[in-house]
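Colleague: For this one, chain A is given, so just place chain B on it according to the hints.
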Amino acid sequence: MLIRTTVSRRALLRGFGYGAAAAAMGPLLRQLLGQHPRSAYAAETRAPPKRVVFMVEGNGHLPNECPIDLLDSNGRRPRGSAELLNRTFTQLPDSLAALEDYRDRMAIIYGPYHGWASGHWGLYQGLTCLPGGTEESPTGPTIDRYMASRIGIGYPMRHLPIAVTKDSGRVGVTRISADGVGKPVPMRASVPDTASLLFGATNAEEVASVTRSGYLIDFLKDDVARVEGLLSGNERIRAQQYVSTLESVSNRVGNLKAHRERNPSCGRPESLESYNLGNAEDRMEAMTDITAATLACGITPVATLSFMTGSDFEFGYKRLGYTIGGHTLGHGGVDPTMGDTTFLRNYHAGLVARLANALSQYQDIDGSTVFDNTVIVMFNANGSSHHNRGWYPWKINLIGDAGGSLAADGRYLRSWEAPNRKSVPPEGYVGLADIWSTLARAVGALPEEENHWQPASLHKPRGVVSELLT
Amino acid sequence: MKLQPLYRITRISPIALGIALCGCDGTLSDALDPSIDGESFDGSTSDSDPGGADSGDRAGAPDFVDGDDSTFPEFPSEGKANNLDRERLFECVPEAKGGSVARLVRLSAQEYQRAYFDSNRGRRALGGRSAFRVTDGEAPFKTYASLGVIDEPTFQSLQPIAASYAEWRMREHRGPEGWQAIPGEVRSFLRSEMGRSFRRDIEPQEEVPLLELYERAREELGDEGAVLVAIEAIHLSPETLFRVELGTGLEDEFGRRALGAAELAEALGFMLSTDISRAVTTAGKDGSILDGPTYLELLDNELGELGSNPRVEQFFEEWLDYPNAAGLFKDPSHISMATERWEADGIEGEKDGHRVLPETQEWVASVFTEDRDVLRTLLIGRVGTDTARAGILTEKAWLFAKSHAEDNDPIKRGEFITEELLCNEIPELPVGIVDTVSDDRDQTLRARLAQHNSDAGCYACHQFLDGIGMAFEQFDDFGVYRTSEAGEPVDTRAELLGSDVDGDVSGPVELSQRLAESDQVRQCMVRQAFRFYMGRNENYADACTLSAMDEAYQNTGGSFRALIRALATSDSFRYRYPDAETAGLD
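Quick note, the sequences are listed as chains A and B, same order.
Under the working numbering, the first residue of the first sequence carries the number 0, and numbering increases by one thereafter.
Under the working numbering, the first residue of the second sequence carries the number 376, and numbering increases by one thereafter.
With the rest of the complex left out, here is chain B:
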């Protein structure tokens, strides 16, 4: 299924345009050949007659409808917001009326798991069963609403959990004589289940379909069986599995509707935590959340100390990606070298990346706890370390996370700076490109990559990748400082490109310092925070929100709390358009 892009992109940033034609040996054009387009190929497998023309010679027309284990129906990704023009994104013009399109936001696996597992009730009910699969998909953050689908793998995992939960609830209510259907009890029981599961008050008319289901099923399954079905239905309802953000509040002159009280409570609660506090729930139910001062008080209370706020920690971990140190695979023989080097550096502990992670986690947490000049501190404010290190980009955990199994990975490191810190876009590597970097360990990695980059087509992209990432050759792939490689003194020269602070740098510290001075990097952090907390890409209609976040951050001496407050009080957060056309995004 071909779908219209969600956002109209009218201007493409210079860097995205400039490198749009990169690729080695002209293979990009091959990769873009529509005849080998992955989407159309996939489509043929999921259509009702996937054999296409070929199936025509199969006599015996199918008399079974498609009941195969279908998986993911096509769903559009949001595309790459890095392609948008930065200046326009931060230009608050009158026509930029922020607001999301009315949407479904599926509970994340984390939220779902918390609802069912992080209590004795849930654990007893489910007997340790796993929660549903996390569909990470292609999105910058796990909070993206577009990732939340109920595909067949998810449903097949959820249904047994719902059934198990229903049985547990029945056991709780079943007396020694078994389940007794007392007039009125079923109704109140199901109403209570709906309220708990939908996380809001239930209107009387909302009970009707469920009671009808109960009545229908009761004839065949009996009282107990019918109640079981009804409980399962509640727990598989879209209102359980999704937050439904329609905008049930008042409509304004631009066709936007404000989030209703219950919607706003959910949006705020899940924005700032993986669970909703009783205070927010109550304010959503009694409507007091719609009162400005009350809302701000709730906002501040929910944010609490940034150092203990799970979402703040999650944002920095997902954005800066240092926790990947714990997940990166290194060959066993190679990791033993790390152990030796780390121990020489005085670091004891686990045998893999777990060893270097806690130190970085603690330091990053201290930065956002302090909440002062957060970005600059992250980049160059690592106090008490040697002069070869500056901030997050010289942390062992980050360097380890941005390496590969047996070597440094300047490509991955440069890519991080280009895409995650500068918010520039690099095209995907064309399918079929063969990585021909020499494996000769007698040469430095720079020398080996130089052979690769002698191809102008390759270098068109690689200047934004290892062209920047070579600055980190000061460290090995365990993040340990070194002075030589392959018998040669390390060469950490690099060139920063695609930024407002372009130029040659002598090494990782200078590169970090340069990035800390960049407006583009600061605004990129604002964009990343917007994406994480809104669960979607930014667009030009969000310009006033983005500029307000940026201003709030700057006016408060670099407070991340101020940035979040600006977002949580913005139109982008509080309003919903009925459709993309009304929002001007179609």
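Pulled out of the complex, with its shape left as it was, chain A reads as follows:
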């Protein structure tokens, strides 16, 4: 057991922390990380590994409220330009109220340009910084996978991709993460299956399922190889593709099993037993708990939580009493009995707080907490709109400073904002790709000699944004 859910979910969602449990858990994490291959790196550099979590929402939420103390007397946000507006804030907007405990460890970046983005469900554009993309065919790799490929080496999994969609039992492709052109990343949508994979089976049914899966994969490898032997050229490659899929599945299961054997106390969060997984809210909270345990256990340093995004978002917040489906919500529909949707956005902020609280429980190898070495990236997969039009501004909330690398100290950065969709950005503007480059630098995924993570981005991007680094 790693996470003690001694504080009620309601309290957590209000932004309360886990309390004094953190200190007691410290040695465990040190033990876990001490046995992990990354510990050699950590020992050399005398720094704990850095982690990054992308908490992506979509669905028409409009998280563009400005910190209250930065509004002018008419309630307008300060304007940006090619030169970044760089201010600090003290009052979060209502939509982020649940993050009040982390206000001084946040940065809000408003308006980075992503003029290419368009489409109905984001279509990978938020994390690729590339134009185009279709339902099944992204146009390039996404920043989360890029980071995972750089800092995830040596972990049992480089990256944990998770989704909460309307179908609780399905592996979803939510059009968020991609490995490259035409390579969408499957997102894990089943809470029990994900927990079983990461932390091991805990009941007879799960154990039997895992055992059967082992026999199945072994058999299929031989079966596909038999067919492969009958083919040549590209057709043979297609059969090999199935083999490599089976090997990937098999390797991942093996890696995680080996990791568990080395770290027997690294179990699944107890809180998982208390959820009603028929509710989307419960699944989001359960997946948040799983993510916290996964990071703390050293299973992966990069996670993407895709909540109510993609084409499978047509479901409501039933537990919160908001029954309007996601699509209607995205088109501005409101439940007349529920008022505006600020509380829903604050609910998502509460999930971020929940994750930050959980990570704050664990002491890292240098005495800091895991959260101290993490940055949580909260943003809307479609910019600030349900149907991104390209010229709408994007907004990214950063929670945590990734080991002091980021200027997440109540910082508000605002860049040039395109007045219409045909606007061409001025020289030196800050684009979304630049923000991702900066994060990549902060977590050690972008070496000093490189300035931009996305070489295919030809919009003369500025590269690493120094104002966001310490």
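Treat the hints as calculated values from the structure; they're not laboratory data.
Idealized CB from N, CA, C, for every residue including glycine.
Mimicking DSBU-like on lysine-lysine, the simulated pairs with C-alpha atoms at most 30 angstroms apart in a straight line are:
no., chain 1, residue 1, chain 2, residue 2
1, A, LYS220, B, LYS660
2, B, LYS517, B, LYS660
3, B, LYS705, B, LYS787
4, B, LYS517, A, LYS165
5, B, LYS705, A, LYS165
6, B, LYS517, B, LYS787
7, B, LYS517, B, LYS455
8, A, LYS165, A, LYS317
9, A, LYS220, B, LYS517
10, A, LYS256, A, LYS220
Some chain B residues near chain A, calculated using beta-carbon distances under 7 angstroms:
no., residue
11, LEU479
12, PRO528
13, GLU607
Pair by pair, the computed Cβ-Cβ distance ranges are:
no., chain 1, residue 1, chain 2, residue 2, range
14, A, GLU466, B, ASP879, 54 to 64 angstroms
15, B, PRO685, A, GLU466, 55 to 65 angstroms
16, B, HIS779, A, THR210, 48 to 58 angstroms
17, A, LYS317, B, GLY724, 26 to 36 angstroms
18, A, THR87, B, HIS779, 35 to 45 angstroms
Modeller: Below, chain B alone, put in the same frame as chain A:
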């Protein structure tokens, strides 16, 4: 992974060559810079050490093998068949010995879904679970074999379905006392499952690996668990998920092997439908499908009335793309204008593109049901409409489908004519090109595009795009006839380029008439049908097949049925080469 091209391209059509250097402000060269090549960049993320050189400074060598959620290993697309030379493609020379390379053809999502869901059995077994993801990918048609992969997203979706199906099958066979392993029963049960799933008779030796799996698993999982594993294995076997077209028949003097009876039955069945009829299955099992007259009889029966043949409908829908009207997103404020205009035109119904689609669907179905001069009728045979309209290119559904969220899209319309009706190739838009067309609604779209096209580099491509597509400015983006735009009379002049009927046209009707007279358009339809029904690009070895299809179509007064018959009886359809080298394609 770099792979050899599947087909050797020795001649490039003039249009492809002529516009190969288009691009605004020299950005094409930037886009082609190998240092920013998308493939190599992607490759670095999927290698076992994706950090590349950078990972060298990470002490602590990884002791875990790559077990990340890998997705799509590199697989080559077939490239663009539009680049091939038309004359040579239709020149049946003795050395053109048609045949596909032995291949795997994964069941389409549609076929898979039909097998498992379109029956009460399947629905009960799967409890409404979704079928596996459709990988549309970059291919002209959803029938392309190259799209059919078992990548990790697909496998992760399929495995629970297979498990669910296995549990359902077990429940069906489990008596009140639970599963009872009766000697011999397991064997016959699994044999039956294999036959059903592989869609063919099972040889005794084929059962052996599966029975071995059962025996191994039984020690740990017990009888019931072992049978569950075996059923899952059957339903995830490549022989379930793919049609395996090796060519198990006789080999000829050119190194080709004919499809065996079972293979031919599957190929024919799935060519003409999304499911295989009992008659075809039986003929595949008893071998009678290899008899010429029987084959032709099956072919005609399976084709049936073209108006009710699902594949014929699918072909025209995918090729002409009018169903996209139902999927196109328009801003809510903008679509309300459509509603007003459509209602003024007397069209009631849905609030979006669904409203105008049924009319076009019905009309297109009537054209291929009639099966007479199909292409010409589609282009200019719309009887009973006003004189401003001619055929498919002036249908509201097509015009709506080829528009964008708030405006007409002459670029998309011209692109359709160039690539889908003339089978010419236009290079991809270089990455990073900024669309700088003015958003000033006080100007006509032609005027706004003229500013854009004043750049010679841009116009090198755009002459084949909006240069043609401007003819459709007679209609707004809802497909409604109009006489003015931005206070100016509409200007529908355009120039058809890259065809055998080039020249100025005054508007959409004349453009449609010109295209209806074109040999190039007719042969392009033949090529498109070949691609759809074969699930691959055409190549020069298919020249005799293509010319036979073309001749059959012309000799029968434009019968699409005759065209399909010619394909289904061709060498390209019935023979398989063991490899690309033997086929002369390497």
